[in-house]
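Student: Sequences and hints are given; from them, build the entire structure.
Protein chains: 2
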Amino acid sequence: MKKRATIYDIAKALGITISTVSRALNNSDLISATTKDSVLRMAKQLDYRPNRLASSLSSGKTYIIGVIVPSAEIHFFSSFVSSLEVEFKRAGYSILLYQSNESFQSEENGVTTLLEAQVDGLIISPSLATTNFKHLERLHQENKPLLVFDRTDNRIAAPQVGIDDEKAGYLAASHLVQAGYQRIAFVSTASEITIFKNRFEGYLRALKQFKIPFDSSLVVRKGMSIDAGISGTNELLKLSRRPDAIIGGDDFTALGILNALSKAGIQPPEIGVVGFANQLFSAYITPSLTTIDQQATKMGAESAKLFLTMLQSASPQEMAEKRVVLEPILITRNTTSLEKQVLD
Amino acid sequence: MKKRATIYDIAKALGITISTVSRALNNSDLISATTKDSVLRMAKQLDYRPNRLASSLSSGKTYIIGVIVPSAEIHFFSSFVSSLEVEFKRAGYSILLYQSNESFQSEENGVTTLLEAQVDGLIISPSLATTNFKHLERLHQENKPLLVFDRTDNRIAAPQVGIDDEKAGYLAASHLVQAGYQRIAFVSTASEITIFKNRFEGYLRALKQFKIPFDSSLVVRKGMSIDAGISGTNELLKLSRRPDAIIGGDDFTALGILNALSKAGIQPPEIGVVGFANQLFSAYITPSLTTIDQQATKMGAESAKLFLTMLQSASPQEMAEKRVVLEPILITRNTTSLEKQVLD
DNA sequence: GTGAAAGCGCTAACAT
DNA sequence: ATGTTAGCGCTTTCAC
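Residue numbers (the numbering used here), protein chains in the order written: chain A, 1 to 344; chain B, 345 to 688.
Please note: incorrect hints may appear among the correct ones.
Straight-line alpha carbon distances no greater than 27 Å define the calculated DSS-like cross-link-like pairs of lysine-lysine that follow [claimed, not checked]:
| id | chain 1 | residue 1 | chain 2 | residue 2 |
| --- | --- | --- | --- | --- |
| 1 | B | K582 | B | K566 |
| 2 | B | K478 | A | K89 |
| 3 | B | K582 | A | K61 |
| 4 | A | K61 | A | K167 |
| 5 | B | K405 | A | K3 |
| 6 | A | K134 | B | K388 |
| 7 | B | K649 | B | K433 |
| 8 | B | K433 | B | K666 |
Which residues of chain A face chain B? A few of them, derived with a C-beta cut under 8 Å, are [stated by the list, open to error]:
| id | residue |
| --- | --- |
| 9 | N51 |
| 10 | S79 |
| 11 | S82 |
| 12 | L97 |
Calculated from the structure, these hints are not laboratory results.
Please read all numbers here as calculations on a predicted model, not as lab measurements.
All C-beta atoms, glycine included, are put in the ideal place defined by N, C-alpha and C.
Tutor: So, in structure tokens, the structure goes:
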């Protein structure tokens, strides 16, 4: 295992200095074509590979972006990360990945870890447990770009990319009303996360618009998961005045809802069901699930684009007010309608 | 934006030298408890945060592991990465993520990028397009751990973690035979990737064992995707002697197969269908899909465990022969059987 | 137990 | 166009 060649080795071999080598390697314009050429040639000959660490230490830029997601296993997030990585790679940036696992403390540790690794900036979707944002202020202090996606919250002083969650809730509820449903239940989380509150607001707005009285017994907050969907539905079915439609907090919750309904001998769209997220499976289950698409890929691309401009900017702080709000997309399928669906 | 505190600041404030500070911070045992204490206190007071970059440059260890996957969007891989990240985080390592996007060139670039970032090692599942492994030998040269997962290949000199793919193919085919099917088709990729060849070998072994003649017209190699499943199935249905069961290269292919069968008015298990991967959706589609589970989470955990021991080892090269072979798990569902299934 | 000093490999003024 | 020379912040011998 012989030592890696450094710019010193190139300089020595060529009888020039390291600054010249460095310039040649970095394509500086104040260098002669011949020198540049011989340096490049010698670099290849010595199998030279730059040590980005040394460069980073000296220049202060690592070309690494920290990304914190609740879980990389959730399709929405992996899809987002995937899209982000593609865009960043193109711009010469890499992604250091950290999962908060929906834990606030883990998220704090993540910020620390990534900051110590000297990332050039941080992109995050806060955990469900995150209710204060002090740990994110450190990015400010270090004058490093911070961007929040999906679980946006105006209490965080940073640009944010997400969907219009109020509208998403509205879309879900109004779609159901227009499909003829009247008693629309809502099974979701008790989390104080802004986007979930907003979805609920949208649901309320739709009810109001269509002059449907709000009935709090139709709101169940047991979390978001298959199990939560099942137990929430069972609870709803016990009501003297049952719902005729149920909105799930996400597609997994909706899956649980479908399962519980099926066990009770009810086949949607007899009772309507709407999910959130447009998980891959939602098109393929039977009945296929009506849901709201969150545009993970587009969100990733938009986030990358915005973030790259922040990285150029001398004072990323000034962009803190920036918001990118993508349209939620209602995907109508068989849990709310009897039309034949085709897999695509 | 005042400058971050360094060990120099701590040293100056305390009237001691940076070596002492460094030792105290790193919990060296040849330091007095009082000094250690005062250093820690002062560090906190100055809001000191270590610069891992500097430490890495000096020590040669970054505590960052490069991970190259074909795509972070595929559930198997995101699930693997997620599991890996959890285990590594626990051991103080972070993950630098790179997607090859099934391109050999991109994969090569990935190796370069990660190596320049001075990762402490590399974990990879090679792209479908990867047929030579020179780019991975660089890890050897730098004496850094390399681990291959899932798409294992004995031509790579590195420890490998995967499932027994021959057995997986065998399980799929023998299960079908035992369920009463006789003409079993195989829709997969033409890729020369070892694991796909092995699955096919397993399929052949099952046929042989049950004395079912091999019929090459039942083997379709159009790739693995929903579309490939659809067109492959349409092709098979045109045969004068149709198959009575079809194995798909992965769950998406199987999804396409189901779709094409449904269009042709055929409802499994009339024709049996088996997939690979146990994607999340496979339990929830109708009919639910019989498939082979690849144990992504366990594979991630096993990989992390093995990799961590390699990181301890002075000569990780010596572990190149190490293989961890997980059992593929047959998940029997409704596409091969009429028993009632319950969502779990 | 603590200090002095030489690096780690590169960047970026400043000089020439 | 090229060279000189401080660093970047930390680790790690080697002394004392």
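Student: Decide, hint by hint, whether the structure agrees.
Tutor: The hints, checked one at a time:
Simply put, B:K582 and B:K566 have alpha-carbon atoms about 16 Å apart, close enough for the 27 Å limit, and the pair holds. At roughly 22 Å between alpha-carbon atoms, B:K478 and A:K89 fall within 27 Å of each other, so this suggested pair holds. A hinted pair counts as satisfied when its Cα atoms are at most 27 Å apart, and B:K582 with A:K61 does not qualify at roughly 60 Å. Taking the CA atoms of A:K61 and A:K167, the gap is about 39 Å. The hint is violated against a cut of 27 Å.
As the CA atoms of B:K405 and A:K3 are separated by approximately 15 Å, the hinted pair is consistent with the 27 Å bound. This hinted pair checks out: A:K134 and B:K388 have alpha carbons roughly 17 Å apart, not beyond 27 Å. Between B:K649 and B:K433, the direct Cα distance comes to roughly 12 Å. Compliance with the 27 Å bound is thereby established for this hinted pair. Between B:K433 and B:K666, the direct Cα distance comes to roughly 24 Å. Compliance with the 27 Å bound is thereby established for this hinted pair.
Nearest Cβ of chain B to the Cβ of A:N51: about 6 Å, under the 8 Å cut. The hint holds. At its closest, the beta carbon of A:S79 sits 5 Å from a beta carbon of chain B; the interface hint therefore holds under the 8 Å criterion. A distance limit of 8 Å between C-beta atoms decides the matter here; for A:S82 the minimum to chain B is near 4 Å, and the interface restraint holds. The restraint placing A:L97 at the interface with chain B holds, with a minimum CB-CB distance near 5 Å, inside the 8 Å limit.
The structure shown violates the earlier hints numbered 3 and 4.
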